[in-house]
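Asker: Sequence:
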Amino acid sequence: MPELPEVQGLVDFLRSRVLDLPVAKVELGSFSVLKTYDPPVDSLGGLSVTDVRRHGKWVDLDVDGIHLIFHLSRAGWLRWSDALPQTAVRPGKSPIALRVRFADDSGFDLTEQGTQKRLAAYVVRDPSEVPGIASLGPDPLDISRADFAALLADSRSQVKGLLRDQSVIAGVGNAYSDEVLHAAKLSPYTVAGKLTEDQVTALYEALRDILTEAIAAASGKPAKDLKDAKRSGMRVHGRTGEKCPVCGDVVREVSFADRSMQYCATCQTGGKTLADRRMSRLLK
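According to this note's numbering, the residues represented by the sequence shown are 1 to 284, in order.
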């Protein structure tokens with residue numbers, strides 16, 4: 001799933017290409033992708049893009065005051081073309097969920113692979129009309145250390161889950177929470193409200209450093225290269241069985257029903273291997 005750095009990369013990429021461009025047409029390849037009906041998607045035709053912004057993991061195209069907002073979810077992506085095909089999108093016949101064509105025939109497709117269709121698009125007059133945006137917590141690059149500590153205080157959530165909770169911190173998902181916890185030398189199972197002052201500081205600094213570094217790595221890259229840039233920058237996430245770049249221990253994994261997390265036992269858990277419940281069930 002694209003997270004804050006990749007979404008920021010997409011925003012920067014789009015802003016460099018579509019500002020002041022009139023929208024010619026928006027086509028739906030999947031009727032379920034559009035979650036709103038007023039304003040109608042056709043109302044975007046003839047209006048020009050005045051800004052492109054990010055809200056957490058959401059991309060927001062401001063089209064003369066009407067906002068086309070989308071969330072790529074787990075299997076979605078944006079595919080840019082300097083010259084889109086002239087043939088119309090045929091609903092249900094391809095991975096294309098939505099196509100935006102601009103007046104110069106450039107544009108992008110929102111695509112989604114797999115059977116779980118979670119990609120979502122909204123056409124609204126105000127971004128706060130999108131429920132997923134209205135409930136967002138603060139952006140991790142805008143929050144102060146004191147306010148961050150206040151979010152953690154008295155929380156009974158494990159720190160891994162808290163970092164992924166969009167109502168607490170906006171934009172961090174499974175991958176970057178692994179990276180941040182590794183850099184902060186914290187177990188993903190640590191209860192957030194029990195962190196010491198030094199651990200809060202380490203977590204705060206790791207969060208900002210990891211995201212800032214990843215944004216810099218994504219900066220200036222075309223949309224098609226952002227996924228590879230994300231993968232290549234990971235130290236532990238997605239690197240099960242490889243050596244930890246800090247201590248040389250093996251990177252370990254804990255698997256869940258729909259995701260997995262990676263960590264280094266030497267760096268994060270005092271050498272303790274965390275139980276993998278999926279493997280434990282298989283061994284019974």
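Honestly, the hints are just simulated from the structure, not real lab data.
Hints are not guaranteed to be accurate.
Distance condition first, Cα-Cα at most 27 Å in a straight line; then the derived BS3-like pairs of lysine-lysine [what the hints assert, rightly or not]: (1) 25 / 224; (2) 93 / 243; (3) 93 / 224; (4) 185 / 243; (5) 25 / 117.
Taking CB as the label site, the calculated pair distances span [to be verified]: (6) 139 / 245: 24 to 30 Å; (7) 47 / 245: 43 to 49 Å; (8) 65 / 114: 31 to 37 Å; (9) 15 / 156: 21 to 27 Å.
We put the beta carbon where it would ideally sit given N, CA and C, even for glycine.
Asker: The structure should be examined with respect to each hint, and the outcome stated for every one.
Answerer: Structure-based check of all given hints:
1. 25 / 224: holds (23 Å)
2. 93 / 243: Not satisfied, since the Cα-Cα distance of roughly 43 Å exceeds 27 Å.
3. 93 / 224: holds (22 Å)
4. 185 / 243: holds (16 Å)
5. 25 / 117: holds (23 Å)
6. 139 / 245: 24 to 30 Å: At roughly 28 Å between Cβ atoms, residue 245 and residue 139 fall inside 24 to 30 Å, so the hint holds.
7. 47 / 245: 43 to 49 Å: With Cβ atoms ~48 Å apart, the hint holds.
8. 65 / 114: 31 to 37 Å: holds (35 Å)
9. 15 / 156: 21 to 27 Å: violated (40 Å)
Consistency note: the structure conflicts with the earlier hints numbered 2 and 9.
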